[in-house]
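The listed protein sequences correspond, in order, to chains A and B. Going by full-length UniProt numbering, the first sequence opens with residue 1, and the numbers climb by one from there. Going by full-length UniProt numbering, the second sequence opens with residue 1, and the numbers climb by one from there.
Just to be clear, a hint being listed does not mean it is correct.
Across the chosen pairs, the derived CB separations fall in these ranges [as the list claims (entries may be wrong)]:
#, chain 1, residue 1, chain 2, residue 2, range
1, A, Leu152, B, Ser58, 42 to 50 Å
2, B, Lys91, A, His196, 27 to 35 Å
3, B, Ser44, A, Phe375, 23 to 31 Å
4, B, Glu108, A, Ser322, 46 to 54 Å
5, B, Asp102, A, Gln387, 39 to 47 Å
6, B, Arg101, A, Ser69, 52 to 60 Å
7, B, Asp102, A, Ser322, 57 to 65 Å
8, A, Asn198, B, Gln136, 51 to 59 Å
9, A, Val248, B, Ser44, 53 to 61 Å
10, A, His196, B, Gly103, 36 to 44 Å
11, A, Phe375, B, Gln136, 44 to 52 Å
In the SDA-like style, the derived pairs of lysine to any residue whose C-alpha atoms are separated by at most 25 Å in a straight line are [claimed, not checked]:
#, chain 1, residue 1, chain 2, residue 2
12, B, Lys91, A, Val391
13, A, Lys332, A, Tyr287
14, A, Lys456, B, Arg152
Calculated directly from the structure, the hints in this document are not laboratory data. By construction, the Cβ of each residue, glycine as well, lies at the ideal position given by its N, Cα and C atoms.
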Amino acid sequence: MTSAHLLLLICLISGVTSVKGDVALLHQEVITGISIVTFKWNHVKTPYLVALWILVAVLAKLVIESFPSVTNVIPESALLICFGWILGGIIWAADLQQTFSLTPTVFFYFLLPQIILDAGYSMPNKLFFTNLGGILLYAILGTVWCAATLGLSLWGCQAGGAMGALDIGLLQYLLFGSLIAAVDPVAVLAVFEQVHVNEVLFIMVFGESLLNDGVTVVLFNVFDAFVKLGGPRINAVEIIKGIISFFVVAFGGSLVGLAFGLLVSLLSKYTKNIQIIEPGFIFVLGYLSYLTADMLSLSAILSVTFCGVSCQKYLNSNMAESSVNTVRYVMKVFANGSETIIFVFLGISAIDKTIWVWNTGFVLLTLFFTLVYRFIGTFIQTWWLNQYRLVPIAFIDQLIMSYGGLRGAVAYGLATMLDDQRIKEKKLMIGTTLIVVYFTVILQGVTMKPFVTWLKVKRAAVAEVTLIEKVQNKVFEHSLVAIEDISGQIGDNYLRGKWKIFEEKWMSRFLLTSEARKKQDYIFNVFHQLNLKDAVDYVDEGERRGSLEFVRNESAFINFKKKLGDEFSEVLPDIMAAASDDPDAMRRDPVSSVSLQMHEKTMQGTRETEDIDAHHLLQQHLYKGRKQHLHRYSRNHLDINTDDNEVQEIFQRTMRNRLESFKSAKMGLAPAKTITKHTKKDQQQKVIFIYSIEYMGYYTIASGGSFPFRVNYKAGAGIENPTFMPDPDPMAPMQIPPWQAEDEPDGSTVSPSQRAQVRLPWTPTNLRRLAPLRISTQSTDSFAQADTPASQEKDKKWPPPPPPPSDK
Amino acid sequence: AVGPKGIFRVIERSEQWSVGELEPEDFGAIRELSMNPIGDRIISAFFSPGKETVDFASFVRILAHFHPTETSRSRDGVQPEPANSRTRKLKFAFQLYDQDRDGKISREELLQVLRTMLEMQVTEEQLQSIAERAIQEADLDQDDAISFDEFRKVRGVDLIRDQIDNWEY
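Chain B with its partners taken away, still in its complex shape (with noise of 0.2 Å):
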């Protein structure tokens, strides 16, 4: 869960805070992030599309996709999957990428994120190719672009099982 000196941190660094609610900036705030390759689409994975601040309880959700996973939960369906399952980690993973919310990461869209996480001196011409490359290795239905169940399965190896049982702190 959020550890209590985390929101007392970002609630110190907004000065907005009296109004109840998070926006960028206060995010922005924390410097480390801007260290990070993809510290702004970690931010901006907080907002829902459209609106401009998130509440506590948004935060917090938002948060808990970083919880261990429960694998124990049986699913009835009537719950609502819950924020730290297996597919909503993926999910929240997958909107990492894919900005424009269509579903599928675009060759446009790997592009970027290709783009900021490796170093300047790789040329356009390389990043082209690397994309391409990914692309084709991940893409299942020949569509060009790499839908939520295409990333799921990577070479047939559930990459759910692999890498996001890690995905803590």
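Looking at chain A on its own, in the form it has when it is part of the complex (with noise of 0.2 Å):
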């Protein structure tokens, strides 16, 4: 069947071409009469051809995606090169030249920028941030040292002698060199993503080949100049001016795409009400932002990352979910098209005789020079690195970064660009560029998989951790915590958690719509999480116990809405419907553990008790310690993630505990009844003062907002930990916290909150989280009623809340 459509292939690829022909014949003969059909080839040539090539293209894509044993050996982008070789040899034995080649115009106006879009708006922005530094010092230090390293061996040689009767001069060296030395990202993604190493080292190749274009694009517009200019009326301003130039192309690049992509995340905000041309902003402003860039004569494609790294969180916020998947889509449709084209045609152009100068020397030693210079930059670079990277990068990841440096058709287009006046050889150039290319992308793109196996390099954590691997990581992250608070040590989140505060204050208030924003806010999301979990609990409890249960509780779910209010109805239908056994509203719902337990929950029917799935459990129920909520963390401030269910959880859990102990070590103290007037020392009051006041502040927010109650924090007054309290006199009793009082405590010092009694009774039928829950942007004023007793039956009242605060 495959061989058929190879065979289709040819005939219309070679009807096209000899059609193209026929067409002068039919010009020269004489309207003699009405035709009833005419053949009007020259109207359609055009788009026609371009959609025949894309078909071309896709369809080879297709046939060598049908052979997955050929494909996990060698990587598609050499099988498509290698298919634009036979397909090249076919135009050229029909046409007897060679009438389609990539043009540098193609590339990079219609083909180049939405591979590039699709890389930056798919980047992993976290770990792209964390490891810019070492990035950008590959993609500016590497590909300067690769271009003068290079320009100056090979200029060397030919001094020496080693390439027969070449005379090329040694700017012009440069300026092949700057081509050459840039790693390609298409190339890059085409090879590696079928090669799955870590994170770390595929981002900093892949980085690196985006970034780099900065450098490049620079150190050519400056050597052609020199070369144009001329060797004599090179001096030292203009050598300035060059270095100069490098920090406007690639600041100036960057600063146009980020402008539009804040004016396409802008956009966003508003289309709520023609949500269909949603996903069509991004791609039109993307484009826009590539072209601005070139028209400035800054660098395009380091426009166009900053535009999808800049929008893309914003976007998937505001967007709704078809569009947000459309655009994914369909970015991956055209990036990969492109790569598909252009791989495709560098296979074609090099069917070209018109282009071979053949050089052994110059050949063989641009191939030579790439590479050990590759490797010699990257190490000495890593090198230094190292010493400041937290985490070094090994050894054999260094020879996976040197080795993944390939050549594509960036290096091509640039060398078609090349002045052919003052370049005599430029022919030369083409095709010695054309042979690192294919050389990288085919020979090293197919040794790369067997390679990266056999040095055993860290691959991209697919094998499933553990229990005990999952509980251990989660140690160590609290551990680290701890150590950090214990010695005052400013963690490596510092920077990032500043950024953060700005970005939430000014950001995303700007450019999300509120809707947005309200799921962003983390505590929405765990109420979110939380509800899910109580729906799915109580359909679960519902279900083990028989419909009667089901029926008698049905009132909570009326209080759910009724509790919410006004302020999330317009979310409400999203949380109602998630909340609802449709598997499919749940696959909306970006939280993903909890979608996932419901999906199999609705799959497999009820769950009996054994067979609960411990991975699950222990995934969804870790408490998530400091680190991810840095954010919000600020370290001069009592209301340290004070709106979190799980601080208080963990809080009064280590209180508890701390009593516990302290009570069994302190046998023989009749146990305490009351806390009655204190009439003792100032410094045992002091301290349960402040005690009482810490705790009240907990407390008062536990127990669902008696009163907003922000406390001022003093430095140096920690919470005592009665266990470790020294015992100085038998007034200790007194230091038992208030809510474990039996009686009613004493005014004076202690809040009644009664309420608050330890006693955490979780139950699904107890769908107590359900209450108003205040958002606000500063984590002071919410309370969440996670922790009330079960003495709700007493009919309490809540007291109204507090009035939103004004900057809602």
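Can you join these two chains into the complex? Each is in its own frame, and there are hints to help.
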């Protein structure tokens, strides 16, 4: 079947090319009468050919993909190039000239932008920015190093006579070096996507390939200008201008991209009513950013990259789910299509007798130096970089990084743009570039996978981690946080924390719709998840116990709506849909772990207690620890995560544990009954006072906001741990925290939090979490009613919640 | 290394610094530790079993566990293993679980840790099943407990290499 496809393809192509010849004939005929049907080839020629080429490329990919055993060994890109060769051969045979080749215009304006846009849009931002220092180092320094050394070495070799009668000036060599030096994003993506190395390694190589465009453009233009100027007119001023132009080009390009990214994010904020055109914006604006940067002679690739990088978060939040999916998918389609066409054309372009000027020395030496200098450069830079990295880059990873420096179509495109008036040996350079591209893509691409396996490079973590590992990960995390607190050292997350604060305060407010902002809010997410969990448990419970229970507790659902109130009316449908048993609705929701569980539940029916998947449970219930909340954590405020259920639970538990061990340690003392009048020493009082205030602060929040209470942080006032308290006098029993007291505590020091009993009854039938949850951009005034006691039945009325903060 | 700020903080908060030693309640003064599920365990890790105080040297020694791993040190056997070696770090982590220091993490000890780290909603039976599963996965010699060696090798992947090198601040 596939060979028939091939045959069809071949016929199609030769048909097209031969038709071209026939067209000339038609024109010469004299029109003698009305023709019922005419063959208007010229009218449709260009669009037809374009469409046909796209079809051919895509069909080629289809054919290739139907041999997975082959694609496992040889990367797709290599196969596509080979296909291009075959195709080129056919066209050559039909036409005796190469009618189609990869022209710079087509490449740079129609094929490249979408690939880069896709790369930027799906860039893992966190990973990217964490490793940005290293990436910039490789991109800038590495490229300059490769270009300089290659150019100089080749020139030296020419002077040494290794290239025969060749005579190319030093500047031209440097120019050639600069276009050959750049690692190509398209090729890197194509090869690495089949190899799945660990994410740091990938982001290093890939990030480098994207960012080095800034350098390449500058180097190319500078040396091009130098070549045009001629040798003698280059002086220090020009060189300095060259250096300055690097900064301008690179930063300017990035800024243009950022501006467009922000623009598209802003636009997406207002498209609520016309969701159908939402996906269009990013494509148009992304392309415009590319063209604008190019128009201003700035780095176009950098521009598009940063456009994608900056807008992804906002677009994904603002747009409707279907639009988000559309954008992602369509981008991939375009990028993939472009990539395929590029590689096919790279193959076809080779079959062109006119470009091949062969000089053994030149070609071989270029190949050799490209490889060698890449290795040397990478190793030196990594050695230096590792001094500053927390996790040094392993030797094996460095090897792969060097080996993965693939050249691709960008180099070829630049080569074809060379001015052949000034550069006599343009053809040689083009030919050599093609050879280098083939060598890296085909040879290095094919050998990459075995190389990676042989060297046991750390792969992307796919393996399922064991439970003990998961627990251990968390233990590590918590330990780190604890040690950070003890030693007072500000962690590596400090800058990131600052950025998060800035970003939340200014950018999210400006660029996100109010709905999206609510969803962003951490509490809301927690709330949402908890609700989902409640709903799931509720249904489970109902199913387990039989329909009667279900009916009896139906009132709980009504409360749900009432309690949420208007504030959430817009997102309520989301929650309601999510809470229902509809798996489709669930899948819309980005809360992944819960939806997975939900989905499984609906698929498998009622879960038996014994059948609980321990992994899921662990995943879902592990306390997240503070590092993940760090963006809300400010070291200057008391209200550290006061709006977090998790924190309260941990806190209570810790305190309870301490008290229990305190109690058992101080056996022999009469169990404390009341905290009566304190006429004791001041110190004791102060201690209790501080103690109780702090607990009060937490507990009122815990109990549902009797009063919004903001406690001022006193430096040095800690939470006394009664277990460890020295026991100076028999008044020790007083240090039992208020909520454990049986009687009404004394009003002067302790607030009457009768509700603040310790027992936390958590059964699905108590949908206590479904309470008005104040969302605010400052984490101070929110209260989660997680820990209300079972005394709900006493019909205590919650005090009316304070009015929402004005910044809403 | 420990930042000077940090030491001063602990000193400030303690009212008994003049003695030159820290007691557990001084750590208790650090509020954030109460928010940490394993905060209390970390605190007790600073104190050798049986001792009620920790002097400055021991304090720093424990903190030294968190120094970046030195892989270049040659193990000539004569030098005592440095505090920040991988094994020592792992031992430290192991002891967070193994409170009674018998060299094994029993099911009860694992349960205790899990209890502190998992949210309140998890029922006792769920906890039991998680602990059961965890021990099953890691226990190679079938003694229903996790020894230090089993702890190191989880699932054939050396836990040391993957995790502990990142254990720094």
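Comparing the hints with the structure gives:
1. A C-beta distance of roughly 58 Å is found between leucine 152(A) and serine 58(B), which places it outside the suggested range of 42 to 50 Å.
2. Separated by about 34 Å at the C-beta atoms, lysine 91(B) and histidine 196(A) satisfy the suggested range of 27 to 35 Å.
3. For serine 44(B) and phenylalanine 375(A), the Cβ-Cβ distance of about 51 Å falls outside the hinted range of 23 to 31 Å, so the restraint is violated.
4. Judged by the Cβ atoms, the range 46 to 54 Å given for glutamate 108(B) and serine 322(A) holds: they are separated by roughly 51 Å.
5. Between aspartate 102(B) and glutamine 387(A) the CB atoms are about 42 Å apart, so this pair conforms to the stated range of 39 to 47 Å.
6. Between arginine 101(B) and serine 69(A) the beta carbon distance is about 56 Å. The supplied range of 52 to 60 Å therefore holds.
7. Restraint check, aspartate 102(B) to serine 322(A): a C-beta distance of roughly 58 Å satisfies the suggested window 57 to 65 Å.
8. Range check, asparagine 198(A) to glutamine 136(B): about 29 Å between beta-carbon atoms, so the 51 to 59 Å window is missed.
9. Hint check: valine 248(A) to serine 44(B), Cβ distance near 59 Å, so the stated range 53 to 61 Å holds.
10. Separated by about 39 Å at the C-beta atoms, histidine 196(A) and glycine 103(B) satisfy the suggested range of 36 to 44 Å.
11. Distance hint for phenylalanine 375(A) and glutamine 136(B): a CB-CB separation of about 46 Å, consistent with the stated range 44 to 52 Å.
12. Under the criterion of a C-alpha separation no larger than 25 Å, the hint pairing lysine 91(B) with valine 391(A) is consistent with the structure, at around 21 Å.
13. Among the hinted pairs, lysine 332(A) with tyrosine 287(A) is consistent with the structure: their alpha-carbon atoms are about 15 Å apart, no more than 25 Å.
14. Between lysine 456(A) and arginine 152(B) the alpha-carbon distance is near 20 Å, which keeps this suggested pair within the 25 Å criterion.
Checked against the numbered hints given earlier, this structure breaks hints 1, 3, 8; the rest are met.
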